[in-house]
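Undergrad: One letter stands for each residue in the lines below.
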Amino acid sequence: MHPAYSVIFFTTASGAGYGLLFWLSLAHLLGLLPGDGWTGFTTIAVALVLITMGLLSSTLHLGRPERAIRAFSQWRSSWLSREGVAAVATYVPSGLLALFWLTGTESIWTPVLALLSAAGAVVTVYCTGMIYASLRTIRQWNLPLVPLIYLVLSAASGALLFALFMALFGYGSVWIGVVALLATLAAGGLKIAYFAEIDGNPGRYTAAMALGLGKDGIRQLDPPHTRPNFVMREMGYSVARKHAQKLRRLALLCLCALPVLFTVAALLTPLSTTFYLLAVLSAALGLVTERWLFFAEAEHVSMLYYGAARA
Amino acid sequence: MGVQPDIELSRPVGDTLRKTTCYMCACRCGIDVHLKDGKVRYIEGNRDHPVNKGVLCGKGSAGIMQHYSPARLRAPLKRVGPRGSGQFKEISWDEALDTAADWLGQIRRTDPKRLAFFTGRDQSQSLTGLWAMQFGTPNFAAHGGFCSVNMAAGGLYTFGGAFWEFGDPDWELTKYFMLFGVAEDHASNPIKIGIGKLKERGAKIVSVNPVRTGYNAVADEWVGIRPGTDGLFVGALIYELFRTEQIDLDYLVRYTNAPWLVVQDEGATQGLFARDEAGNPMVWDKRTGAFGNGRAAEIQPALTGSYTLPDGRTVRPVFELMAERYLSVDYSPETVAERTGVPADQMRRIAAELAHVAFREEIVLDRPWTDWAGRRHDKMIGRPISMHAMRGISAHSNGFQTCRMIHILQILLGSIDCPGGFRYKPPYPKQTPPNLLPHGAAGDIKPEMPLGGPHLGFPHGPEHLLLTDEGGPSRLDKGFSWDAPMSAHGLMHMVINNAAKKDPYGIDVLFMYMANMAWNSSMNVPGTLDALTAKDENGEYKIPRIIYSDAYYSETVPFADLILPDTTYLERWDCISLLDRPISEPDLVADSIRHPVVEPDRDVRGFQEVLIDLGHRIRLPAFTNEDGSPKYPGGYPDYMVNHQRKPGIGPLAGWRGEDGSASAVGAPNPDQLQRYLDNGSFFGLPIAPEHSYFRHANRGYLDWGIEKGIRMSADPTIFQLYSEPLQKFRLAALGHGPKQPPDTHRKRIVDHFDPLPFWYPPFEEQMVEGFPLHAITQRPMHMYHSWGSQNAWLRQITAANRLYIHTSVGQGIGIEDDDWVWLTSHLGRVRCQVRLMDGVNPHTVWTWNAIGKRRGAWGLDDDAPESNEGFLLNHLISELLPKGGGGYRYSNSDPITGQAAWFDLRVKIEKADGTGTEPLFEPLGNDSQPPAPEKLAYGAKFRDRT
Amino acid sequence: MTSLPNSTERKLGLVIDLDICVGCHACVTSCKEWNTGGYSAPLSDHDPYGADPSGAWLNRVHSFEVTDGDWSRTVHFPRSCLHCEEPACVTVCPTGASYKRVEDGIVLVNPDTCIGCKLCSWACPYGAREYDYDHGVMKKCTLCVDRIYNETIPEEDRIPACVRACPTGARAFGDLGDPDSDVSQSVEERGGFNLLEEFGYKPVNKYLPPRKPVEPLPQAAEEAPANTGSRLEKLFAWADRALSR
Ligand SMILES: Nc1nc2c(c(=O)[nH]1)N[C@H]1C(S)=C(S)[C@@H](COP(=O)(O)OP(=O)(O)OC[C@H]3O[C@@H](n4cnc5c(=O)[nH]c(N)nc54)[C@H](O)[C@@H]3O)O[C@H]1N2
Ligand SMILES: Nc1nc2c(c(=O)[nH]1)N[C@H]1C(S)=C(S)[C@@H](COP(=O)(O)OP(=O)(O)OC[C@H]3O[C@@H](n4cnc5c(=O)[nH]c(N)nc54)[C@H](O)[C@@H]3O)O[C@H]1N2
Ligand code: SF4
Ligand code: SF4
Ligand code: SF4
Ligand code: SF4
Ligand code: SF4
Ligand SMILES: [Mo]
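Protein chains in written order, with the working numbering: chain A, 3 to 313; chain B, 215 to 1160; chain C, 260 to 504.
Chain A with its partners taken away, still in its complex shape:
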């Protein structure tokens, strides 16, 4: 699948934003959020900006952005629509929460808003994951692991961000670091499991099934057109195996190994802000790489008509 930068940016940025929103809300709910409203507001604002930038980028990616509003209508069947609805819905409690914190208003409602925000974040990210996981046309996506990965990656990136911001405001605490550490480790573990899973599955569908013919051999003689068409550009993107392996290692390194190291260092040294910053930057690079690979390694069944043997 073609790794569109807008989509990579959208899923990584808003994923991190929702992760941050999740941990922030959870901390507030559990009464663990240190500091004053200003801390809460700044952090939630960062989360919302990340989310919004991501959503905007995905909207601009549309062929007809001016009609984007229509995308909320089909939540009954469409995970994309559900994602949109969940994203917009999440703005309500999180926005209110931000407002309360900004104005310094104390309210018995903030825990409820936090709960809803946290839930909204989970649901939205889950929907994002399900957009991909529900597509049976792409075996690398059509896996239960995929929404889990979206959730855990979102949680890990959010946790690192949360840890960074708390440290910035001088409220670094161990539990946050531990959460980030665990989430990052989980992310790494899941990705390793994911790579193993997709490598172990050669694809259920063959060119012979696609054509209904040629069980003992199929050779593409002439494609229907000389130059790539939309389907080939969009679904036919593929990355060389060797290249992919390198990128996988880079992704795991940046997404998991380095952040874990930096987080441990943050926990164990006084330079926690610096180390969390390094962890976040590293994770960002790792995430983008991971997401790029998520697309580039995905093989679409329709390529069986364009010379692929299995998918």
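Bear in mind the hints are in silico, worked out from the structure with no lab data behind them. Do not rely on the hints blindly, as some may be mistaken.
[Claimed, not checked] Below, simulated SDA-like cross-link-like pairs (lysine to any residue); rule was C-alpha separation at most 25 Å, straight line:
#	chain 1	residue 1	chain 2	residue 2
1	B	K267	C	N409
2	B	K250	C	D416
3	B	K411	C	S331
4	B	K1097	B	K1122
5	A	K244	B	G1028
6	B	K1149	C	Y392
7	B	K411	C	E447
Once you've looked at the hints, dock chains B and C with the ligands against the given chain A.
TA: Positioned in the frame of chain A, the structure of chains B and C with the ligands alone reads:
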């Protein structure tokens, strides 16, 4: 849940419907052109049309993009830079026509042969031919010489018809169809419709073709023959039929010259038919036990035996000679298996299948008819075997004889013009050979005088050659000379090179129409480009002036000095005439017209219009009244209606007579074109059911044909298994008769002008060594030669061509799909990209024809795949054969007809370093053309979408 | 809207006969020509005269060499939307622009509401949806919905443009939900099949397989029982009989 949107289901297609004739290829289907707001909205097939019956091919359906191509020429152009630079100045039509008239008028007043007028893919040869005849130059032909003359001549000399476009398989009734060397052919839609019908009925289709694509892919049996060896394959089938005694002897006796007696004794009559005093061929009549008239009805002619004429000469029937030839071991399946690549068993089985279907599955129609001798038959008996062949046979230097051999196979099976067999399309059959002789011998060419008759014809012997007093060629292309005595369509492929070499002589003006001779229709493109730009010692072009009419900015345009821009096919009047290449179907005499369905938005004119105007400007009698005024002031439509070739016979056969009630023959009808328009732009005259078969010998049809002006003779057409004209040339080469070939040519003529078809290896493979592979081309169904690439839709389908090679060849040199190779012939080399396949003869490589384009042409960007990856095999095909024994270089053509031998090409292949095609010619300048758009959203306006 | 109808009144679709298709691309260009001015107009083309020409097409023809056991053939393979009965291309659509019509099962994109998110094209295993970069919306085979019910055109022409054009008759249009329809009958007789049956979208369009070669007719006849002589002598003896004109 929302509701489904309401959609407009009954939106009218357009606001205007015009019915005309497609011309994205020579198939000439009827089309319904829907217009909306003056733009073409949609083109579909005309359901009533006899050719396509409503369907449309891939090209025809992309007509919108052809019509709106950015490569369309916009105004007359005068060259201002050097040839090939593409530097032009737009001029007015008056200036253009005056210039042309000035150049042409001078020639006509002095030496008409210094004009060479050659036309390519046009369908108005009856007009262009008349014009050239009136001009008085012998140098006229259309493109048939490089296209299909082997098929036309092979058929016409044998049975008065031909595969090509002169006949069709009996699609409705045939049970066994053999297709030789066809990828697409002129009958593009009819063949497809026909194949669909055969498939539906479960008739068997056998394809004989080195490549398994297209029609050959859907065949029930694919015979992946080695190119150039069909003569052996067919010979083996004939061998088997003789061996197993499965031949329609009655048919042979009735319709062919099988019983005619051939003189055996050496001398001036050797190999000629024994003739009686009246000139009739003689047979041995078993009934009377004496010699009889071979044309008589009431005879029982012997097919075997040896007889002595009263003057002592020995004679034997054709049948015996034929049997001796084909039952010889040379044609046994075992002998030919290796060379053809077809297993002997397969050949034996196919022969057995043919015989089985012909003789055990015969068709009997309860349809009475009367034969040529007036005898009534109450049934029509059919041998439901049909065959079709085209360029896979034609484009070899042994094509004429191979084509004849296929016809012999058909005739032995009794399958010509019978139910289920091959069917003539009117005006065929003609006599064998047709009573149409070529004109243009040196003595015939006089200043300001028309030629004595039409240029092209069918020599019956050396006496009909077009020679100079010294015996050299009278025509620039050496047609009808000893180089190519029976070149019924001329040799357009030799014109440019001969003119530049002044061999046989130089010319002043080369006038061409609708042929991309600077590219895909020339052999040896680099050499041709040199010839077009070659200068003499005075710095003058060796071909001093070139006038060219094209509709688009093709590769040839930049080489002309004066461009007469034509319209597109939707913008002009055209006439697809019975005098030329009509659209008849077996049961219908038919012709058609084109008319302007949209007005040109450029300063362009229909070429026919221009030719008539020019004809008057230089005062050609056919286009000028006594008082000097134009004969056809209304231009081409005026000509179409009012020109008469003979009294009552004009370009159009429909609605003649003052009131439009006459068909085929009748006075001009001023209302004629309107009647065509009302009928969907075509006319069809059905043929009566009792005339539908055996037309070569069907009394009713023969008489009707004369009445309708489509036949010259009421005599039956007698199939010439043995072709005497060939023997006449051979006798001349053996030293008999007043007209003798030069000594250099004698052996070649003796060897090849065999009156009984035989197989010989194509010349190139006889003459070159070290080139182990055959290289051939195929037409893509969705592209017409060069002119499809300007079509924004068609070129998306194929914008570059690959070289297809057998997987074993790929393995042999260690290459895979998409690798680049050098393909080398004795002339040159090209670099091209390969694709491996299994469905190709292992000794053969092939590519799609005419996809490669030169940069700067066709409105394409310089980085178009057509120019940078696409390639032509033409760069490798020499127009001349290597020097033979006599030191003379013959053209790379069939020795009999002069048909260009494109598919004789031999090559070697090796892995290439680097990518991109080579040779890569300099881009042609094209400043006179508008830039092409960067995107298209055609049709948005029809729906008010942007 | 995006939810699929439980059932449709009819199942209109195409039946494509791979035994007959010669790969001529007539269905390809006639489809383009009709539809670029039709319901989902336009079907835009990019770089139409340049290095990388491409555009939106609703129907394309591939060619393959296929082998099954000792049978092998070149197969020309037209491919367009199969109007699946249970396609996710519809259910994934966030806007409802993609829908399956209740009355005839045609799967359509509403060009006026599609936002061009491309998700439906991801959900189609057949590569049958093509995005129009210029128009910004998804395009797909409409089964020529603006022809088949069009009262302004003659009744016999109320068939898809590709079917109307196909010169060999390799394409047929009809109601595959009606077991008595011609199309259902030919599917029944010829063993028509689904593409990627295993995928489970239940395509309505069917493909008819290439026919395997017909049984060869009788083997070469044995030489006529001969008395004596060479082949030629035997032939001459056989031909030496009374044959009247
Ligand atoms: N290697 C190889 N070469 C071959 C062949 C092959 O099989 N292999 N085939 C040969 C054969 S059989 C043929 S017939 C030739 C064909 O070759 P050409 O006769 O050269 O055919 P086209 O390339 O179609 O070029 C015809 C020209 O007509 C122009 N044209 C198109 N429409 C119009 C119109 O309406 N009016 C005017 N005035 N001009 C128009 C086009 O722009 C183009 O320049 O190629 C030959 N060359
Ligand atoms: N779409 C389209 N239609 C066209 C044209 C076009 O350019 N495009 N051109 C028109 C013109 S001008 C012409 S002349 C006709 C020609 O129409 P065709 O006769 O169909 O010509 P080609 O496409 O050259 O196909 C020649 C076939 O012969 C096969 N072949 C080559 N050598 C041999 C051999 O030695 N033996 C046998 N048995 N087969 C062999 C090739 O594989 C190929 O399949 O098509 C006309 N129709
Ligand atoms: S075969 Fe195609 S291009 Fe040729 S005339 Fe017919 S519709 Fe036009
Ligand atoms: S073929 Fe593809 S686009 Fe058409 S209905 Fe099926 S899944 Fe949807
Ligand atoms: S591209 Fe259009 S039709 Fe496809 S899913 Fe998106 S909105 Fe729906
Ligand atoms: S049914 Fe209509 S839209 Fe669909 S492929 Fe055929 S022509 Fe194209
Ligand atoms: S039009 Fe018919 S024969 Fe031609 S490619 Fe399409 S389905 Fe095949
Ligand atoms: Mo030709």
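Undergrad: Straight-line Cα separation of B/K1097 and B/K1122 no greater than 25 Å?
TA: 21 Å, holds
Undergrad: With the threshold set at 25 Å, check whether the alpha-carbon distance from B/K267 to C/N409 stays at or below it.
TA: The given pair, whose Cα atoms are some 22 Å apart, holds under the 25 Å limit.
Undergrad: Run the distance test for B/K250 versus C/D416: straight-line Cα separation, threshold 25 Å.
TA: 19 Å, holds
Undergrad: Taking only the CA atoms, is the gap from B/K1149 to C/Y392 under or equal to 25 Å?
TA: 10 Å, holds
Undergrad: Need the status of pair B/K411, C/E447: alpha-carbon distance at most 25 Å?
TA: 20 Å, holds
Undergrad: Take a quick look at whether A/K244 and B/G1028 sit within 25 Å of each other, Cα to Cα.
TA: 24 Å, holds
Undergrad: Quickly compare the C-alpha distance for B/K411 and C/S331 to 25 Å and report which way the hint goes.
TA: 23 Å, holds
In summary, the structure agrees with every hint in the numbered list given earlier.
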